Amino acid sequence: MSGSTTRNFKANAARELANDTLRAALTKSKGHFTDGRTTAAENLPEFEALRDQSRDIKNHTIENLDFYLEAYEEKVRESGGHVHWARTAEDARQIVLGICRSVDAKAVNKGKSMISEECEINEMLEANGIRAVETDLGEYIIQLRGEKPSHIIAPAVHLTKGQVEESFRANHTHLDPDRVLEEPPTLLDEARTILRKKYFEAEVGMTGANLLIAETGSSIIVTNEGNGDLSQLIPKVHIVLASVEKIVPTLEDASTILRVLARSATGQEFSSYTTLSTGPKREGDPDGPEQYHVILLDNGRTDMIGTEFQEMLRCIRCGACMNHCPVYQSVGGHAYGWVYPGPMGSVLSPGLLGVDEAGHLPNASTFCGRCEEVCPVRIPLPKMMRNWREQEFEKHLSPGTARVGLGLWAFMAKRPKLYQLATGLQMRLLARIGHAKGRLSSLPLAKGWTKYRELPAPEGRTFQSRWKSGERPL
Amino acid sequence: MSESNRETVLGSLRRALGRDGPVDEDTAAKLRARMVGHARNTVPARTDLDAAGLVELFETMAQKVHATVAHVSSMDDVPGAVGEYLRGENLPSEIVMAPDATLDAAPWSENALLDIRRGAPVESDQVSVTSVPAAVAETGTLAMYSGPDHPATLNFIPETHVVVLPAGRVVKSYEDIWDSIRAQAADPDSGRDGQLPRTVNFVTGPSRSGDIEQTLLLGAHGPRRLHIVIVDGE
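In order, the protein sequences belong to chains A and B. To convert, note that position 96 of the first sequence is 96 in my numbering; the numbers rise steadily by one, no gaps. To convert, note that position 75 of the second sequence is 75 in my numbering; the numbers rise steadily by one, no gaps.
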C-alpha cells in the first residue's frame, strides 16, 4: 500500500516510481490544476499586482506578528471566543482534548486542516476514545484507508476511482454488496449519505483557518464542498486550529490574498465557500456553535523568523508549487514522508522537524524554478532549498559517497592541467568501450544513470582539446 | 499551561524580530491606524460598470460556476418563479424559508402549491429559500449574514438552495461587503450590537468536489443546486 510516512525520500521515491496505480492517478490529474491556474491568471489583469501585494501584506504581518497576534486575541475575546496558545503539537493535542472532555464529546467532525495532520489530532482523539470524523471527501477516503494526505489541497489525488470503490466496499459493509459503485458520482453520493448522518451526531466541530483577521478577531475557511461549514455550524463547539502566521491585519488584506488563493490552487476565480466566523452564535441566532475556540499553534514557526527561511512563513498553502513540480508529479506526495509535500514541504519540513530529520528533502528538486514562478506570494523556494542543502552538507548529513565524490571533484577542478589530462583520458577510454554501439549500457560507478537509460558514448575528445586545436562551430 | 505558552511564543517571536518587548508606542500607533483605516488594496477593474452592468456581470460569473439564474420584475412574482423552478426540476414543493423581511414582502399565501415552513432547517429538508443582503459582481458571489432572520444552516443542509436577490443589492467587490457589515455593526438600529454577524458566508455556485480523479462533481456536502431569482425592479 502506498502512503508510507517513513522519511527516507530516496527509498520512497524509488518505490513510488514503480507503482503503476499511482502513475495512473497522477497521469489523470496532470494538467488539471496547472491549466486552470494559467487561465485564471490570464483572466485577471491585476493578478501579478495582487501577488506583489499579497507578498507585502504577509511580510508586513510577520515583521509585526507579536503585535497582530495580541490585537487578534483581544478581538476574539471581545466577540465572546476563547484563544489558546500552543507552543508545540503536544500542547495543541492537550488543548483539543481538554475542550472535548469539557463537553463530554464522543465525536469530533473535522473540516480539512493541514495543521490537524501536522499535530496528529485524529490519532490523539482515537487514543482517548473520541471518534474523529473527516468530512472532506478526499480526507474521508484516506481516513478509511489509514493513509496520510498526498497533497495539501487534494488529499486523495494519488488514488484511482477503483481504489476508492474498494475502500467504500470494505468499510460500508451495511450496504448491498451488489450495488453499482464504479463511477465518481455514485461514489460521491454514497459518501454524502453516510456523512450526512454524522454531521448531526458530533458535539465538537473542528476546522483549520486559511486566514485570521486581527482587525475583527475572525477566522476564514475556504472550501468547495461545504463540509467545513456543516462541521462548524451544527455541533455546539467550534474549534479553530490555526498556526500563528495565518494572521493578516484587515478584511481588505484578506480579500487580496483570497483573490490569489483559489486562482493559484485550483484555477477557480473564487472557491464555492469562503466563510468568515467571528465568535460563538449571537443571542437570538437560531443556529451556530455555542462556543468558539481558537488554538494558535507555533510548533517551530517562530524559530524560522530572523533566519533565511523567514519568507517561507508567507505560504498560504495553495499547492501551486507541487502542482507545477516535475519531481512531485513523478513520485506523488507520500514519498516526502511527512504532511507537507512538494517544494513547500521540502523547505518547511526541515524548518519544523529539523535538518537531521528532513534535511534530505531539499534534494528532491530539479531546480527548474517553476515553483517560484507560480507561488502567489513569491517565495524563493529554490533558493531556500539550496540553503537547506548547504546546511545539510555543513552538518555532514549528506551521504558519504556524495561527499567523497564532491571532494575528489573539487581537488581536480582546482588543478586545471590535471583535470584536462584526466577528462581527456576518460573520453578516449569511453569512446573505445562504446565504439561499437555508439552508447554505453553499463558503467562502473554510474549505475544510477545506466539503470534507466544508456549513456551516449563520447566521440573521443573533450570540448577543450577541440577548441584548442582550432575547431570552431560554423 | 496556555498562559505560559502565550508568553513563550510571544517572547520567542520578539527575540527573533530583534526586540526585547512589544513594539514601541509609535509603531503600535501606526499599526493600529493601519487596522482602523483598513485601506483597500488593488480591486480588479472588471467591476467598473454601471448598475445594470454589475447585475449582468454577476449573472455571467454565477452561471460560470453552475448556478442557475431567473429574472422576475417584482417581489410579487417571486413565489410563482420559485414554484415554477421546483416543478421544472421535479423537486418537492415543501420548502424551509428564512424568516426575513425581504421574503415577507412576497405574496406566498397566494401560491397554494408551496408548503412553507419558516426557520432553521432539519436534516430531512430538501429545499431552502432565503434572500441575500448583497451579492458581489466580481465573481458571482452571494454574501449571506447569519442572524435571527437568516439561519446559516439554510445555506448548507438542503440539497437545493433558492436565493432571492433584489437587483439593487449587487455590489462590486468583497470590500463593499466588509464596509456594509461594519456599517451594520455600528448602526444602533440593526440589532447587531456593535458586532459582526457570527457567520458571513460567501457562496459562489453550488457545492462541488474534485477529490475523485479530479472529476468535477456538484453537491459534495452542501447544495447540489443553487438557483438565484433576481428581482429586477427592487
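Read the hints as simulated data drawn from the structure, not as lab findings. Here the structure is a predicted model, which means the values were calculated and not measured. Hints may contain errors.
Have a look at the derived ranges for each label pair, beta carbon to beta carbon [said to hold, decoys possible]:
| no. | chain 1 | residue 1 | chain 2 | residue 2 | range |
| --- | --- | --- | --- | --- | --- |
| 1 | A | R386 | B | A39 | 52 to 60 Å |
| 2 | A | A127 | B | R40 | 46 to 54 Å |
| 3 | A | R77 | B | S180 | 52 to 60 Å |
| 4 | B | I116 | A | T27 | 18 to 26 Å |
| 5 | A | G306 | B | R40 | 28 to 36 Å |
| 6 | A | R169 | B | T215 | 13 to 21 Å |
| 7 | A | G306 | B | A33 | 25 to 33 Å |
Short, incomplete list of chain A residues facing chain B, as computed with Cβ under 7 Å [what the hints assert, rightly or not]:
| no. | residue |
| --- | --- |
| 8 | N59 |
| 9 | G284 |
| 10 | A446 |
Note that beta-carbon positions come from the ideal geometry of N, C-alpha and C, so glycine has one too.
Check each numbered hint against the structure and report the violated ones by number, ascending.
-> Hints 1, 3, 4, 8 and 10 contradicted; others consistent.
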